[in-house]
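J.: Chain by chain, the residues run as shown.
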Amino acid sequence: MDLQYFFELFVGGLTKGSIYALIALGYTMVYGIIKLINFAHGEIYMIGAFTALIIASALSFTGMNPVLIFLISTILAIIFSASYGVTMEKIAYKPLRGSQRLSGLISAIGMSMFLQNYVLLAQTSDFLPFPNLIPEFKFLEPVKSLISPSGFIILVTTAIVMILLTYLIKFTKTGKAMRATSQDPKMSQLLGINISKVITMTFIIGSSTAALGGVLISTHIGQLNFYIGFITGIKAFVAAVLGGIGSIPGAVLGSFVLAWTESFGTGYISSDYEDVFAFLFLIIILIFRPSGILGRPENKKV
Amino acid sequence: MLKIEGIQTFYGNIQALHDVSIEINEGEIITLIGANGAGKSTTLMSISGVEQARHGKIIFEGQDITHMDPDKIVQLGIIQVPEGRRIFPFLTVAENLDMGAFLRNNKEEIKRDIDYVYSLFPLLKERRSQAGGTLSGGEQQMLAISRALMAKPKLLLLDEPSLGLAPIIVQQIMNIIKKINTEQKTTIFLVEQNANLALKLADRGYVMETGKVTLNDTAKNLRENDAVKKAYLGI
Ligand SMILES: Nc1ncnc2c1ncn2[C@@H]1O[C@H](COP(=O)(O)OP(=O)(O)OP(=O)(O)O)[C@@H](O)[C@H]1O
Ligand SMILES: [Mg+2]
Chain A
5 MDLQYFFELF VGGLTKGSIY ALIALGYTMV YGIIKLINFA HGEIYMIGAF
55 TALIIASALS FTGMNPVLIF LISTILAIIF SASYGVTMEK IAYKPLRGSQ
105 RLSGLISAIG MSMFLQNYVL LAQTSDFLPF PNLIPEFKFL EPVKSLISPS
155 GFIILVTTAI VMILLTYLIK FTKTGKAMRA TSQDPKMSQL LGINISKVIT
205 MTFIIGSSTA ALGGVLISTH IGQLNFYIGF ITGIKAFVAA VLGGIGSIPG
255 AVLGSFVLAW TESFGTGYIS SDYEDVFAFL FLIIILIFRP SGILGRPENK
305 KV
Chain B
149 MLKIEGIQTF YGNIQALHDV SIEINEGEII TLIGANGAGK STTLMSISGV
199 EQARHGKIIF EGQDITHMDP DKIVQLGIIQ VPEGRRIFPF LTVAENLDMG
249 AFLRNNKEEI KRDIDYVYSL FPLLKERRSQ AGGTLSGGEQ QMLAISRALM
299 AKPKLLLLDE PSLGLAPIIV QQIMNIIKKI NTEQKTTIFL VEQNANLALK
349 LADRGYVMET GKVTLNDTAK NLRENDAVKK AYLGI
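Protein sequence lines, in the order shown, are assigned to chains A and B. For what it's worth, the working numbering labels the leading residue of the first sequence as 5, then goes sequentially. For what it's worth, the working numbering labels the leading residue of the second sequence as 149, then goes sequentially.
Everything labelled a hint here was simulated from the structure, so no lab data went into it. Among the clues, some could well be false.
[Said to hold, decoys possible] Derived, one-sided and incomplete: chain B residues facing chain A with beta-carbon distance under 10 Å: (1) 175; (2) 229; (3) 236; (4) 239; (5) 249; (6) 250; (7) 254; (8) 271.
Cβ atoms here follow ideal geometry from the backbone N, Cα and C, with glycine treated the same way.
Chain A extracted, bound-state conformation (with noise of 0.2 Å):
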């Protein structure tokens, strides 16, 4: 067996699953929260990484250093797409909400649609260049054939934000309420809580990670369409619902558990098949346990 070949697969797979990961978390927190799929998640991830080839472009001209605009227009990039997720809930989803489950799928089919050719008319159907920003990193040489430097930018700073993450979810006033909007909003309102804000913060942190990983894989890939939230956006989806939907270390295992699928699969079997691997080791795994890998049998209250 070829040790390096393995090697390229699972860190091609680690790769991949962390930009997984860093969209399927909004899934499954606004699923969470809400019981609502958001199918126009993807896009959140797509227009995080337009605007950041916008800002990137536009200030590529003024000679500044490319770490520096790399940070900039990432950071800009989330707070745009936050701003969006928060809005599309807003509109699209708020009012619907205490009607059926439905209306609101509906509706996020929709604002998918609806943000797709919103993109696609503003700018183009094209796929657009994205600069490379990155700088090449001394440590990197000895293992240069493994990983590339925006690979390593991509390992580390889903692993930061998975830590972050983790604390503010398990440790925080706000993580802890928004653990108990999920399990019962009724009772969290007659705490105090007020599940708008709730809401509101979930929609900020899902939609933050989306830009993010919308930004990095550009970054990683060196170019993007506005098509690319909607395949991705279904893998993330497809992750979510392997590890457990609602769980948020569900998301993040069925990310890196669907991705190595799909790198191992396509290096070792055929690269014709990548996506039929994610959604046969979907069906497999649900077979098994149908509320996936980490999640929980909805509980239904007495």
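With chain A fixed as given, assemble chain B with the ligands onto it according to the hints.
T.: Coordinates of chain B with the ligands only, in the frame set by chain A:
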């Protein structure tokens, strides 16, 4: 302290409350008794702002709270322990208590109140890192009351705290309610189907039937009322 004036609350087109009026004075224990589906829980949810009254008024300490948001009402000091206790099953006992103190910021006072509820229910202290969902029914009721106390209630609304519990636990819970009333000067509005128990504890009581208040009197008089005896006390 709390004045409910002719409220009507609806679920869609179904009217659950017809002109309900109730008055609670500071320091009292008031009970609301009635059969299944009479509208007791709806009355509490109307006070808490979760099911807002369509007509009528609810005044708390001179302020109209009829159409206030639930979190604002909690902020004013009206806390409800709802029917079925509604413990957050996947939060630990300690985290459930933290949620009770959600609107408070003074860490020292919060710590003191946690010690106070642990002194009321030492069992909860032992179980503090256990998930709420793993507690027994009685323990969950203790936690639900403790969680509400963490919000520093002026007026505590209790919805059938005795439901489904063994008599000995019920007695213990009733003693604690009395203790909270005397020690903490918390006003109590106790909804119960167990009229026997409630009328022993309360100063005054209201009787509710199909969304209307049909009787209101001192607890003593209600205990001796023939209609109440027949319908609710099983005598
Ligand atoms: N969410 C709801 N949607 C529609 N109708 C409801 C809802 N909740 C309660 N009702 C109806 O309102 C009426 C009053 O219900 P409520 O729960 O207030 O009664 P209750 O006195 O608390 O009864 P119990 O002792 O069984 O708890 C009942 O007829 C009930 O069917
Ligand atoms: Mg009830």
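J.: If a hint holds in the structure, say so; if it does not, say that too.
T.: Against the structure, the hints:
| no. | hint | result |
| --- | --- | --- |
| 1 | 175 | 23 Å, violated |
| 2 | 229 | 8 Å, holds |
| 3 | 236 | 5 Å, holds |
| 4 | 239 | 6 Å, holds |
| 5 | 249 | 9 Å, holds |
| 6 | 250 | 5 Å, holds |
| 7 | 254 | 13 Å, violated |
| 8 | 271 | 21 Å, violated |
In summary, the structure is inconsistent with hints 1, 7, 8 from the numbered list given earlier, while agreeing with the others.
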